[in-house]
Structure formats: C-alpha cells, structure tokens
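Participant: Going down the list, the sequences are from chains A and B. At position 41 of the first sequence (counting the first as 1) the number is 46 in the working numbering, and the numbers step up by one without a gap. At position 313 of the second sequence (counting the first as 1) the number is 318 in the working numbering, and the numbers step up by one without a gap.
Please keep in mind that the hints were generated in silico from the structure rather than gathered at the bench. It is possible that part of the hints are untrue.
If the Cβ cut is set under 7 Å, some of the chain B residues that face chain A in the computed set are [stated by the list, open to error]:
1. T61
2. R161
3. A196
4. S208
Straight-line Cα separation of at most 20 Å, DMTMM-like style, residue types lysine to aspartate or glutamate; simulated pairs [said to hold, decoys possible]:
5. A:K457 x A:E445
6. B:K298 x B:E492
7. A:K495 x B:D449
8. B:K495 x A:E492
Here are a few chain B residues that sit away from chain A, every Cβ distance over 10 Å (derived from the structure) [what the hints assert, rightly or not]:
9. T31
10. H41
11. E132
12. G187
13. R195
14. L204
15. R229
16. R247
17. G317
18. G354
19. D419
20. T433
21. D441
22. A454
23. A467
Owing to the predicted nature of the structure, the values given are computational and were not obtained by experimental measurement. We treat Cβ as the ideally placed atom computed from N, Cα and C, and that holds for glycine.
Number of protein chains: 2
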Amino acid sequence: MPGIERAIEKDLGWLRTSVTEADRVTYARDLWPRHHLAVRAGHVAIHKPGAVVWPTSTEDVTRLVRWAYENDVKLVPFGAGSGVCAGVLPTHDVVVVDLKRMDRWRSFEPTGPWLDVEAGHMGVPLEEKLNRRGYTLGHFPSSILCSTSGGWVAARSAGQCSGQYGKIEDMVLALELVTGTGEPVSLQRRAHGPSLLPLVVGSEGTLGIITSSTFRLHPYPSARAFAAWSFPTTEHGWEAMREMFQLGLRPAVSRLYDPFDAMLAKQGKAKSPKKTERKAPGLGALALRQMLKRPGFVNDLLHSDFGGKLMGGAMLLVIFEGQDETPQTHIRSARAICERMGGVYEGEGPAQNWLKHRYSVSYRQAPIFASGAFVDTMEVAARWSQLRGLYDAVRKALGEHAFVMAHLSHAYPDGCCIYFSFAGSAATDTNDRSWDEACERTYDRAWRAALKAAVEAGGTIAHHHGAGRSKAPRLAAELGAGLGVIETVKRVFDPKGIMNPGNLRPIEGR
Amino acid sequence: MPGIERAIEKDLGWLRTSVTEADRVTYARDLWPRHHLAVRAGHVAIHKPGAVVWPTSTEDVTRLVRWAYENDVKLVPFGAGSGVCAGVLPTHDVVVVDLKRMDRWRSFEPTGPWLDVEAGHMGVPLEEKLNRRGYTLGHFPSSILCSTSGGWVAARSAGQCSGQYGKIEDMVLALELVTGTGEPVSLQRRAHGPSLLPLVVGSEGTLGIITSSTFRLHPYPSARAFAAWSFPTTEHGWEAMREMFQLGLRPAVSRLYDPFDAMLAKQGKAKSPKKTERKAPGLGALALRQMLKRPGFVNDLLHSDFGGKLMGGAMLLVIFEGQDETPQTHIRSARAICERMGGVYEGEGPAQNWLKHRYSVSYRQAPIFASGAFVDTMEVAARWSQLRGLYDAVRKALGEHAFVMAHLSHAYPDGCCIYFSFAGSAATDTNDRSWDEACERTYDRAWRAALKAAVEAGGTIAHHHGAGRSKAPRLAAELGAGLGVIETVKRVFDPKGIMNPGNLRPIEGR
C-alpha cells in the first residue's frame, strides 16, 4: 500500500526494510493449514503485509515501535513462521517485524546454568551450540527446524521432551519485551508476589515484541533408556502414563498412540520425504478422497474394539534421559507400572526408531494436500479425571467431518494433552473449482465442532500450538471471567492496539 | 469507630460480626516481630480494626464485598494470622474478614488427584485428613499449626518439602476469588495463552478475597531415606545442593546450616518449649543483651574460617521420600555428589532429629523477646551465580546491627533461597522505657540495610514470607518496569482500592 511505502521510505531509512512483492508474499502467512487450502484454490495474496523490516537490536525495535506508536502503524512480530493457528495473518496496512537478525547470545552462565539469547535465534543451531558446550535446553518442538527462541516463548511452545524439561514457560527465567509504546521492559521470574512473566509467555505478539529470553539449561544427558509397551486400549495406556507421573517418574518422552496412529507410526518411518512430495494425484489419492468423504464410517470401524485389536492396540513409547545409571533405573520402575496396567513389553526398538525420525512427521502432510484433501492437528488438554470425556467428545465432533487419530505426548502429574490429527476433504463430488471451496467448508465445520466439544467437555482449546485467530472464537468461553483482565492487560502494554491486531481476540462467534 | 459500628449493625445483621474490644485487639496484628516490640513497649492498640466478620460461604463473601464496595468500607482478608511481614495491619476504619469458618472440602478427586478446599481450612487438620485417605498435599510451612490454605496461596508460601513438591504456586490448579467489586471469579491454570492465576497467587489480599483453591495432591509416601553431611564451608554445601538439583535429584528436604546455625540445630532440639517460655530475664538474658550490643565482633568471630572450624563446619540434611526403594536409590546418588564436594557423611541421625522437631523452632523466639532483645528472619533468593554475592551482602548489612546466622532450605535447579535469622537489641544501655524504642531503632536499621543490600546484590526481597508492609519500601526497586502493570492489575480487580489498602504498596522510602 502506497501510504505505508511512503512512510517507510521517509522515516525508516536507518532500518533494513522491504516493500517488494516477493517479500510481501513470503511474509503473508504462517503454516495454518487453511492457508494451504486458500493457496491451493489460487488465493495467494489476500494477506500480504505492507512491508517487512529486519531490526538487529533492542534499540532498533524500540525506535521502530515508537515510530509505529506515533504514526498508528500496526506491527506483527515474526519468528520463523511455523505457527499453525494463524497467529500471523497480516493485512496491507501492517508491517511485519522479522526478528531473525537478532540472534546473539547475550549472556551464558555455566554455573546457572542459563543462557540469555535474542529472540530470533533458530532452534536447531541453538541446541547444537549448547550441546557442544555440554548443555541442553531440553526443548524439542516438532517445529525446531523452522522456529525461533522468541517464537517459542510468544506461542507458549512445548517440546517432545516436556515430560522431563517442562514446557517453554518452565524454562524462561526472564525476558525482555518492547511494549506497544516502545518501552523496553525486563521481566524476571519472581519468588514472591504477583508474577508478570506468565502474562507475556503465550501472548502471541499482542503485548509487544519479545527481544530476548533467559532460559534455564541442563547438563547434556550422558545416558538414555528406551522402552515400548502395547496396551489393549488407549485408556489402559494413559492410565499407565498417569501412574508414572503421579508416582514421580519424569520420562523425557512418553508418547501414547491410539491403534491407528500406532499402526502408522510403525509403518511410515523409513519413507524419505522426497519420494512422497509433489506427487501428482494418482490412484491412491483418488481412493483417499473417496475414503475421506465418509469419515464417520471409517472412524467407527477403526476405533471399534475390533478395529483396535486388528491394528495391534495402543502403543506407548517411553524414553528416560539423564546421567549414568539413572535412566535404566527409571525404565525398570516404568515397566512395573505398565505391566500392572496390562501393557505388553515391545522392546527398545519402537522408541529408538521414533527418536531417529522425530522430526519427519511434518513431511507427510504435503502429499495429502496434493491429493486434494486436507490434514490438520488439534491439541487439547484436561485434568486426568476429565480426559476420557474430552477424548470421546472431540473425537466424535471431528469424526463427523474428518478421519481422526490421536496420540498423547505431553503428560503431567495432574493432566495430559491429547493431540488429534485429522484428515478430510470435500463432502461431495464437485468440479475442481468448487472442490476447494467445499474442502474449506468441511475444514471450518470440523474445527467449529471440535472447539465447541473441547470447551463443553472441560478441556482447553489449545496446549502448545497457541490460539491465534483459528481458535480465538472460543477463547471467551474458555477464559470466562478472566477475559476482562486479559483485555485490560492488553491495554496497559499496548494502549493503541498496534501489536498483532486481531490476534488472540477472545470474541465468540464464527 | 462508631461509624463502622453503626453501618455494621444496620447492614450486616445477616452475618456473624463483632465490634467488641477483645476481638478488635485479637485481630489487630499478625506475627510481624515489630508488633512484638510495640506490644512490649506497651503500644497494644494502635492497629485495632473497626470490626471483625466471619463469612461462611462464597455467597456471604460476595454480599459482604458488594456492601463494602458500595459503602467504601475497607476490608482485610484474614486466615490464621501467622504472617511475619505486616500483611495484616488494620486501622480503625477497616473490617477484618476472618475466613476460618469457610473450611469445607468442595470436591475431592482421587484420580486427579486433587482437592478443592475452602480458604479457611487450617493446615494440620487438612494434611491429616488427606493422609487418612492415602494422600499428601506436600505442603509443610513452619506455620502449618497456625495458617490456612487460603493464607498459603495469598502469601505464596513455601513448605519444608518444597524441593520435591514445589511452592504453593506449583500446587494450585485453580482458585476462586471474590474481587474488590464483589464478583466471584474462577481462575484455572491455563495450558496456553497469558496466565492469570500467577497474578492472584501472592497478591496478599490486595486483589480480592480468595475463597477456595484446588490443589494437586500426591500419593502418601510409603518410604523415606535420611542423610547428613558436614562441609568445610557453607559454600561447599550449597555447591552440593546445586549439583543435586541440576542433575535432576529432588530431595523433599535439603537444609544447609551455616556453622553457627548448625551448632544450634545440633543442640536445641530436646528442649521443651514450656521450660523456656515466659522466663524472666536472668543472668543469661543479661549476657545475651551485652553480646547483642556488639554484633559485629561476634559475627566476625563466628563467621571466620576459625570460628567455622570451631563449630564443626556447615551441615546439610537431606530427606528423600516416595515409594518403595526410590528414596534409598536417590540417597546413594546424593552421597556421591556430596562426597565429591568434600562432604563428610554424618549418618541418618541429624535429618531424623530435624524431622522430629520440625515445627519447634518458632518456640525459641519468645525467650529472646522476653530477655529484652529481638529476633527476626529474612528470606531472600537469587540464581546460583548470584548466591555468594547475595549471601555476603545481606550478612554484612544485617551483621552491623544484629547477630546473624543463616540456612538454605529451598533449592531449585536455577537458584536458592537464603534464610537469615538475626537477633539484636538496643545499641546502647538506656533505661527501661527508652530501651524498647532503642530496640525498635536497631530493628528498623537492620531491615533497611538488609533490604537495600539484597536488591543491590540482584536478589529478591522475599521468597516465601511475602512482602507485606515491612518489605514494600523496596518493592519498586525489585519490580522495575513491571510496577505499572501491577498497579493497573490492582485497579482492575479492586477499582476502589478497598482490599487490604496499604499492603504490598510498592513505594520507595523509609
């Protein structure tokens, strides 16, 4: 938009900026699957921002935000764009602030041990640099190849080893934030009194721009121990997880797959992503389309006791890590618990295999979109006593519109996260043009039903993907009376509402 | 005050209330040691409230607060009055709200396991009732005999087993609060997005009245393991504690006493509280007075390497608890760490003795006040890398005014709390009347110097006693830019400022 372009040229000469079409298209989206549907339907450019800027220091960010505040320009902080909930959905009057050029280590304290690192540091290099010094952050989100330290904090991320190391909010000791007025503030984890840090962790760019975080580190584990058990039903498996966590065991990884997810996990590993990418829709794709038109039938079959037995039951993978003999000791305690719950030991292999291919699952999505269908994930959480109700309600709600499978990969002493994967397509045969629109309608219906079901079953609408714009319509229902406080806090940090406007807006509807 | 009395009589007939002198004197104070000095000097009645009320339900509290809101009446929530920082310091125009008649179990879920309990439940009976059902809350503050579940949450309390079970903020899954406008709100621990629960935990009665809390429970431990090690210096001991927590060990109890505190811990146990209470100041008391007049000399002697050796060095007590063989396994890991740090194993006895007498330390304070001196405690915290600086700075600051000893009893992977005990008296001989005033002057000087030193050394001014009014003068220095947010949050929850006015006010000065 010319207005933004002129203002940028006039005022931001000191900053690296771009208003080129290529950059604006690149920064038009995150990895929200509905974007993929829109792009497949040919709607590439709806959400292009007005400009992209690359600050390199807190001073840059402060100066930028002050300018934006004075000139009523909207800003959207941007890490590496791996979000899946439309936390980034810019419009033509918005400036996207890419933080990846802020990736310095500000302070590293081995006796802490902790690291103060700028917000734009990419995940894998960060972990690798720490490993070389004998440490780990312990944070391994599936997005680690395409996400930043600041993005983790902003979205309240969880990694694959959350059982031992916690979610990102358990790792953040302090952070630096430039508020919506351009004021840099430093927030510490406090030992007493009201705590402010938890307001910013998970704020998804709506309170200001996170410029650095101080993370707790851990000694790099010298030993790991692996095990897997199959269970007659998913519920038998999660009762074993519950028992482990309530008796004080803290497996770095504990992943429970429902029968169909377990069957896929056993199969799909060895495939190279390159072979399946960009495949033209052939016979398999057409069969998938047909199957996904009647998801209810397929779901009923696969999730029946009969289907479960056919596929070999649910599967729990467990990995402990630490020093010396400790992980082996813990595996023995876990084994006693699992066998008491009816688990059958399946050896070390499945868990070792999982670790080897831990980041490859995302590559499986492209062929499904290429076939004309869609796939998405939804992670919800509840206390243990509400887990069964939540599991059944969301699976049923999604299952009317899509094919559903689930795994449980983040457990706590008091509750657990359920991670649903679902795939669907247009409900009826149409021509190619309206196929995409019919797909979008199924997609929207599935989400609407699932969010409603999650809230009604007493669950949360998100666990570690954030809420973004995709889940915001149910935020008010989840927050209840806390809503007013959240909105007031927003006004304190960002009085003009220039920070990622429209995101995390707890408005009922859609 | 007649105004309050008339209003109470006119409007609160439906509620149990009192305006009698006896009740107003009883509720005039908490256990802030400076109160004891004032009372000893004959100033009993300065802080009497106008009235005391006893609600029995959330509905009562809601109705009460709405009335107070409409009539601009100030309220001070009251648990069992065990606070030591003047979180309760009423004035004649204040109504104290004693919550002890709200002590029902609202909901108990064994598979959680969790308990929703009203705010006025006393500590010991709560733990005992849970134990009979096979559970523990895991929260054992020294005040457990005279504190309530709601008070723990309001003051952000820590118990003696925080190493394993965490502080109270780690136990609270949800809470019910009646805000300063009389609106009951229910706040849940959230999995995503900004978290509001941490604003209320530690709010010390300034945001509303906590009426119930849902706590995470744990299976009652079937086994315990004990050990103690002596170390050449306190720092050797805390390096061992740091190593334990950073390698993933979570002793329920790990208490490190500096040489003098260790010597006292070894001696004082067997004394019955009755024998030492209410003793008239005799020869021992006069000697104590003389010694405390020159605290610098005594501190220098005792805290020198020579003094440390004379007293047998620092002492670390460790207790693991859990199921079956696990605690013994952990003790072996701890032993390897302690011996690597130069610790000498002292057997199970010291830790077992400590457990037996775990709540008796508070009884030692009365004879010191009776002798004409004073004693108080100050708990600060810092990250491990700042611990040495904080320890030295606060010990030095206090040591110019009082005799100081310290122990470390709450450790974490990233830092530790230091718990100073200090005793002092008037700096010069005076007659009995001005003795008390001279005592107060020494007391105030010691606190002023210690709080300043703690903030300057990068520590917190509190860890689990709260800030109350006694530490509030340094809150602004500790909070920095977060101050504005705290004040805004206060205005949202309590727009008329009627909730515990004057408490936790982050104003620099004194």
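Participant: Which constraints among the numbered hints does this structure fail? Numbers only, ascending.
Facilitator: Of the numbered hints, 1, 6, 7, 13, 14, 16, 19, 23 do not hold.
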